[in-house]
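Please model the complete structure; the sequences and the hints are all you need to start from.
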Amino acid sequence: MKPPAIELSHVTKIYRRYGGRHFATLKSALLQRSLMRDLQPRETFQALEDVSFAVTPGSTIGVIGRNGSGKSTALKLVAGITKPTSGTVSVRGRISALIELGAGFHPEISGRENVFINGIMLGLSKREIQKRFDEIVEFAELTEFIDAPVKTYSSGMYMRLGFSVAIHVDPEILLVDEVLAVGDEGFTHKCLDKFAEFKRRGKTILLVTHSLGLVERFCDEAIWLDSGRKRGEGDPKRVVGAYMTDVERQEEQFLASEDAKAQAESGQPVPSVEGPQAAGDAAADMTRATEGRWGSGGVMITDVALMNDQGQTTHVFHTGEPIRIRLRVHAERPVEDFVFGLGLYNAEAVCIYGTNTDIEEFEAASLSGDADVTLEIDALDLVEGTYKLDVAVHTRDGAPYDYHRLLYTFRVKSRLKDVGIYRPRHRWTFAGQVKFKSKI
Amino acid sequence: MWRNLARLARYRGLIQSLVARELKARYRGSILGFFWSFVNPLLLLSIYTFVFAYILQNNDEKTKPYSVFMFCGLLPWTWFSASLLEASGSLISGGNLIKKVLFPAEVLPIVSVLSNMVHFFLGLLILVGFMIGTGHYPDPGDLIFFPLVVIIQLVFTVGLALILSSLTVHFRDIRDLLANLLTFWFFATPIIYFYRMPSVAHFQWLFNLNPFFHLSVSYQEILFFHDPFTGGHLKLLLIMGAASVFLFLAGYWLFDRLRDSFAEAV
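Residue numbers (this note's numbering), protein chains in the order written: chain A, 29 to 468; chain B, 4 to 269.
Simulated from the structure, these hints should not be mistaken for laboratory data. There could be a bad hint or two in this list.
[To be verified] Cut-off 35 Å, straight-line C-alpha distance, at most; resulting in silico cross-link-like pairs (DSBU-like, lysine-lysine): (1) A:Lys30 to A:Lys265; (2) B:Lys103 to A:Lys111; (3) B:Lys102 to A:Lys154; (4) A:Lys222 to B:Lys27; (5) B:Lys102 to A:Lys265; (6) B:Lys27 to A:Lys218; (7) A:Lys159 to B:Lys102; (8) A:Lys179 to B:Lys103; (9) A:Lys227 to B:Lys102; (10) A:Lys30 to A:Lys159; (11) A:Lys222 to A:Lys154; (12) B:Lys27 to A:Lys179; (13) A:Lys159 to B:Lys103; (14) B:Lys102 to A:Lys222; (15) A:Lys227 to B:Lys103; (16) B:Lys102 to A:Lys179; (17) B:Lys103 to A:Lys222; (18) B:Lys103 to A:Lys154; (19) A:Lys154 to B:Lys27; (20) A:Lys159 to B:Lys27; (21) B:Lys102 to A:Lys111; (22) B:Lys103 to A:Lys265; (23) A:Lys30 to B:Lys102; (24) B:Lys102 to A:Lys218; (25) A:Lys445 to B:Lys103.
Below you can see the structure in the form of structure tokens.
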């Protein structure tokens, strides 16, 4: 087995924050003899903690993780821009880091001169640049503008040139930090083709990205970092899956806490009703988007649970999954006039669907003490997004006992990025002279 | 440290092209362009000559023609002070490179010093013009020492630039402090006045402590005065040269020690 191209072993990186340094001037440092002390860190931030991984030569590794999980720090360590606080980083082969594109371009001089200087900074000799110059310029699509000063370039042109120089350094190891957003669709494809070419030629690529799809189809292996620690490593599909599950779990926690907050703020139903008085108002109220809770309190909704098909309470559903909404109600005194209602809204508070037991021709007979009311939806055919829920119990003419307005939030996840609100069940069929490549 | 110093030699090409870029970029977009490298010292010289030869009536026979005398000290001083001012901010303005690219940071202050050295050389052409104009030529025998002074000044300036640039990353006020200090230093150095004046001799020991005193006097003895330099300031200059090498090593050591903090602090 070949020695790894990149090897991190037990790497910890602690960033020192020189707190209060803005006020600690040289004068005070000299007067108080605190020069050496001021050069010591005040606060520390652990960006990576005991991270180890090895990359075999010729493989493509995707590093994923939330913002602030230490991905970029890991990349900078591999690039040698920063040093680990403890542990070792070893790299075998010439590195080119696509971290900051066009860093070191001087705005006043021409693109041509900048290509040379940037190339030299990245470790090429003048002759090597000369040889690749046309290729670099052509790849950046800047043939016309190469002799104009760089300050006249648009940010896209700037980044394309930076990208082009960096990629033509012909590294053995390529480090890429979320730079695929540098150009239009066409340029992005060109970049991906270039990466694929690198891959074919047996170069090692370390890719930091939030584009999970890219990791799944492009990388041989994925590494998942979470708050500076390695959470997963291996088959990209599996690691991405684990990461997605974790993201959902976090979202779930977040939504649950948001719901709890919203409910705590709205408190008990306000006895004198502010809300819809008559059935006619109810419709108008559907479009009003203030959260809250009101009603006479004759019947109380004590608990609302959103459940998946296994009966587990959750706030995150997948498109097409069943959902169960269970209201737990309590009637202080027996009532005979009652209607259970439910409204579904999207994040912009557009009503997607609303119904109640009266509309659906259930005739109320009696309600006393505790009761459970459950609405089951067989398939939640909604596109990805955040949705809110109204639940209510009121009289037949609309006077609310307990009305919960937009107090419950859930999220629908989808692998597909289709748009709109509703996702009708559908399939494509093709006939005749039409062909697609097999799906990724 | 020694390994890094050796590595520095490999960055020749980079330093070279960065200096060229610095010079090209400086006057890009101005109408007179590179010509400013000549005009700037010329204007400075006219002002000083006007003030000190006509307003203040500096009539010491030994320093005549005064404009040539003063220029011999003023040119190296301009190189020195501009280098330090630029170098002290070089790491901060080049922060993008240090943070985002694997880049030997010491290249930045060195480039500041070297690009100002090129301006110094261009200024020398004007000095030659003045010498021809006034008919006051240096002693050709002394001229072989000229490269020596330049090299010593280079080593000295780079050493100081390394110290200042690395400290400025942590203490931004050094830049302001430095600007004031340089004004003081300028007047404390015999550039616009003659170092053999009795009032200077009174403070001789203090002047001896001023490293730039030895440089400016050497320049004046080599380029202006006709007494042989070997009998003049040469010995002190050599001591100063040894001290400069020491300063350079100390500066590099400090820079190397603080190196890892740059990427995080700029």
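Results for each hint:
1. A:Lys30 to A:Lys265: holds, 25 Å
2. B:Lys103 to A:Lys111: Holds, at about 13 Å.
3. B:Lys102 to A:Lys154: The hint holds at about 24 Å.
4. A:Lys222 to B:Lys27: Measuring from Cα to Cα gives roughly 34 Å; hence the hint holds.
5. B:Lys102 to A:Lys265: At roughly 33 Å apart (the allowed maximum being 35 Å), Lys265 of chain A and Lys102 of chain B satisfy the hint.
6. B:Lys27 to A:Lys218: holds, 33 Å
7. A:Lys159 to B:Lys102: holds, 29 Å
8. A:Lys179 to B:Lys103: holds, 20 Å
9. A:Lys227 to B:Lys102: Roughly 28 Å separates the two Cα atoms, so the pair holds.
10. A:Lys30 to A:Lys159: holds, 32 Å
11. A:Lys222 to A:Lys154: With a Cα-Cα distance of about 23 Å, the restraint between Lys222 of chain A and Lys154 of chain A holds, given a limit of 35 Å.
12. B:Lys27 to A:Lys179: holds, 14 Å
13. A:Lys159 to B:Lys103: Satisfied, since the Cα-Cα distance of roughly 26 Å is no more than 35 Å.
14. B:Lys102 to A:Lys222: Within the cut-off at roughly 26 Å; holds.
15. A:Lys227 to B:Lys103: Between Lys227 of chain A and Lys103 of chain B the Cα gap is close to 24 Å, so the pair holds against 35 Å.
16. B:Lys102 to A:Lys179: The hint holds at about 21 Å.
17. B:Lys103 to A:Lys222: holds, 22 Å
18. B:Lys103 to A:Lys154: Within the cut-off at roughly 22 Å; holds.
19. A:Lys154 to B:Lys27: holds, 18 Å
20. A:Lys159 to B:Lys27: holds, 24 Å
21. B:Lys102 to A:Lys111: holds, 12 Å
22. B:Lys103 to A:Lys265: Distance ~31 Å between Lys103 of chain B and Lys265 of chain A Cα, so the pair holds.
23. A:Lys30 to B:Lys102: Status holds; Cα separation ~32 Å.
24. B:Lys102 to A:Lys218: holds, 27 Å
25. A:Lys445 to B:Lys103: holds, 34 Å
When held up to the earlier numbered hints, the structure conflicts with none and fits them all.
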